[in-house]
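Engineer: One line per chain: the protein sequences are Z and A, in this order. Going left to right, the first sequence walks through residues 1 to 249 as this note's numbering numbers them. Going left to right, the second sequence walks through residues 1 to 295 as this note's numbering numbers them.
None of these hints come from the bench; they were simulated from the model. Some clues are possibly wrong.
[Claimed, not checked] Facing chain Z, a subset of chain A residues (Cβ under 10 Å, in silico): (1) K61; (2) D62; (3) P85; (4) E89; (5) D247; (6) L248; (7) G260; (8) I263.
[To be verified] The calculated label-pair distances, taken between Cβ atoms and stated as ranges, are: (9) A:E158 to Z:V17: 47 to 53 Å; (10) A:E158 to Z:P243: 32 to 38 Å; (11) A:F168 to Z:G48: 29 to 35 Å.
For each residue, glycine too, the CB sits at the ideal point set by N, CA and C.
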Amino acid sequence: MRRTLAILLTLLLFGAVRVPLEHGLTETHRRLHFQAIDFNLDLREQLGQLGFVAALNGFRSLVGDALFIEAHGAWERTEWGRLLFLFRQVTTLQPRAVLFWDTAAWHMAWNASAAAMNDPHQPREALRLKAAREYFQLGKDFLERGIKNNPDRPELYEALARLYRDKFKDHAHASEFFAKAAALPGARSYTQRFAAYELAECSGRESEAYAELRALYDRGEQERLPTLLRHLKRLEIHLNIPPDQRIPD
Amino acid sequence: MNNRAQRLLSLGRLTAVAANTFMGLTRLKIFYVLLLFGLVLIGSSVLMAQMTFQQEFQVLKDVALGAMSLFTSLLAVIATARLVPQEIEDRTAYTVLAKPVSRFEYLAGKLFGVLFLLALSLIAMSALFFLVLVLREQSVLGETARQMRTAPTEQRAEALRLIRASAFNPNLFSGVALIYAKACLLAALTLFISTFATSTIFTMIVMAFVYFIGHLQPIAREYWLQTNGTGWLTKTFLAVVALLFPDLQSFNLTDDLAAGNAIPLEVLLKTLAMGVFYIAFYLALAWAAFFRKEL
Numbered sequence: 001m002r003r004t005l006a007i008l009l010t011l012l013l014f015g016a017v018r019v020p021l022e023h024g025l026t027e028t029h030r031r032l033h034f035q036a037i038d039f040n041l042d043l044r045e046q047l048g049q050l051g052f053v054a055a056l057n058g059f060r061s062l063v064g065d066a067l068f069i070e071a072h073g074a075w076e077r078t079e080w081g082r083l084l085f086l087f088r089q090v091t092t093l094q095p096r097a098v099l100f101w102d103t104a105a106w107h108m109a110w111n112a113s114a115a116a117m118n119d120p121h122q123p124r125e126a127l128r129l130k131a132a133r134e135y136f137q138l139g140k141d142f143l144e145r146g147i148k149n150n151p152d153r154p155e156l157y158e159a160l161a162r163l164y165r166d167k168f169k170d171h172a173h174a175s176e177f178f179a180k181a182a183a184l185p186g187a188r189s190y191t192q193r194f195a196a197y198e199l200a201e202c203s204g205r206e207s208e209a210y211a212e213l214r215a216l217y218d219r220g221e222q223e224r225l226p227t228l229l230r231h232l233k234r235l236e237i238h239l240n241i242p243p244d245q246r247i248p249d
Numbered sequence: 001m002n003n004r005a006q007r008l009l010s011l012g013r014l015t016a017v018a019a020n021t022f023m024g025l026t027r028l029k030i031f032y033v034l035l036l037f038g039l040v041l042i043g044s045s046v047l048m049a050q051m052t053f054q055q056e057f058q059v060l061k062d063v064a065l066g067a068m069s070l071f072t073s074l075l076a077v078i079a080t081a082r083l084v085p086q087e088i089e090d091r092t093a094y095t096v097l098a099k100p101v102s103r104f105e106y107l108a109g110k111l112f113g114v115l116f117l118l119a120l121s122l123i124a125m126s127a128l129f130f131l132v133l134v135l136r137e138q139s140v141l142g143e144t145a146r147q148m149r150t151a152p153t154e155q156r157a158e159a160l161r162l163i164r165a166s167a168f169n170p171n172l173f174s175g176v177a178l179i180y181a182k183a184c185l186l187a188a189l190t191l192f193i194s195t196f197a198t199s200t201i202f203t204m205i206v207m208a209f210v211y212f213i214g215h216l217q218p219i220a221r222e223y224w225l226q227t228n229g230t231g232w233l234t235k236t237f238l239a240v241v242a243l244l245f246p247d248l249q250s251f252n253l254t255d256d257l258a259a260g261n262a263i264p265l266e267v268l269l270k271t272l273a274m275g276v277f278y279i280a281f282y283l284a285l286a287w288a289a290f291f292r293k294e295l
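Looking at chain Z on its own, in the form it has when it is part of the complex:
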């Protein structure tokens, strides 16, 4: 009995020593966005008991993958509500998997919105357009939350820039997010060019766009692509650049 008590006491003392260490380690993991998942009642309701227990016990990526595969099936059956529900679960379980945020946003902003625009059950175009815009917004929401969880990954900034460019026709924001993507390590080589192209489409910011495009042009042959040359030519005329400073025809 005395030995049992002594062992129990030792365990508690060991606990008192390690709790601050564990707390510090958890804080470090959190700061690095590891295990950025909140196990709460909402998630418990979404996942069901078994899924929640599995996720709690270190198998959240497996549960996430199973739901992702289920979402794939929902997409094939064009069940957009179910798809949204499943992707919310998947991204909650795996907030650090960029691919899931990107795919969720793509399904919402591109596939579901296109389906809403071509909905044969909705004769009024205004309502179809409204539904499509709601899906754009859902796509944007996925990407914004994805960026919040993965601020160091350029893929999501790029995806958000594409969404602003292609769906919202918001060139200023598109340029801003392409530029943010370009500033991060591992960014695709074209993102900086795309930031300048989008800036060239913003009225009132032509001088800024010209300076950026010209800087890219001056980097050498590899940057002198047809779109860049076209934008530069247009801006030279618009800004009345002196002929001796213009790029050759």
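Chain A: place on chain Z using the hints.
Structural biologist: Chain A only, in chain Z's frame:
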């Protein structure tokens, strides 16, 4: 080393007990677990083929690392739980301890034997996992290069870079190291419980509870440390959970690593050091419980 220390710990005796334990464990059917792992991996690869390459690699890594974590943890508990109670039941322990082998050497040797078995199992699983991953990567790279034959060089290079980035990356080794650390911790804790447990089944049941509660421990701990408004009963309960159970969630970073995120070396080392700290403590505690046990 003086005589007293030599009596307590001899590397030769320790190695002999560890080698004996390892050989005993390899004769068990436990290695069928590895076969099961291989089948799960191959089966899931076929299932994943219908998706695009990035999704396939993501799911492949998640499934493989999840399976490795599950089977290594299972192996750690099952292999360790039976060691001490069965040797006492078979009276093998008496023969060993009648020789100049200290109880600490006996327990440490048992633990190291299990840890060696776990290391070998994990190496075999990792080798199979990396082989499948690299083979799929090469296949997808070849296929993409063929499809993009006529595409501009920059575009083709970008696509191939993307495939390489989403398939194999060195961070996966960190994930494997964390899986091993968690399994070693579970083995050490199982050894401690088995020193006073009355049967193997009892140890396994206790470890199943420890496994579940250990994953909840950080939630209890953070709640205990951060909330002030709760009643004393709740606070006491949370404190007991936080103080008695290990934080197993700290070792579950493989989900994030499989998603392509890097863990800084310093954080990895800190997490592994925490694992070593746990193992040393549970081994010492097992020795304390076993030291004066009447055999």
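Engineer: Each of the hints needs a verdict: does it hold here or not?
Structural biologist: Hints, verified against the model:
1. Given hint, K61 of chain A at the interface with chain Z, holds; its Cβ is 8 Å from that chain's nearest Cβ, closer than 10 Å.
2. Below 10 Å, beta-carbon pairs count as interface contacts, and D62 of chain A has one with chain Z at about 4 Å; its hint therefore holds.
3. Of the supplied interface hints, the one on P85 of chain A is violated, with its beta-carbon coming no nearer than about 18 Å to a beta-carbon of chain Z, more than 10 Å.
4. Of the supplied interface hints, the one on E89 of chain A is violated, with its beta-carbon coming no nearer than about 22 Å to a beta-carbon of chain Z, more than 10 Å.
5. Given the 10 Å rule on beta carbons, the hint for D247 of chain A holds: about 5 Å separates it from the nearest Cβ of chain Z.
6. Because the beta carbon of L248 of chain A sits about 7 Å from the nearest beta carbon in chain Z, less than 10 Å, this interface hint is met.
7. For the restraint placing G260 of chain A at the interface with chain Z, the shortest Cβ-Cβ distance is roughly 7 Å, inside the 10 Å limit, so the hint holds.
8. With 10 Å as the threshold, the beta carbon of I263 of chain A comes within range of chain Z, its nearest partner Cβ sitting at about 7 Å, so the hint holds.
9. As the Cβ distance of E158 of chain A to V17 of chain Z is approximately 51 Å, the hint placing it in 47 to 53 Å holds.
10. Range check, E158 of chain A to P243 of chain Z: Cβ separation about 37 Å, and the 32 to 38 Å hint holds.
11. A hinted range of 29 to 35 Å for the beta carbons of F168 of chain A and G48 of chain Z is consistent with their spacing of about 34 Å.
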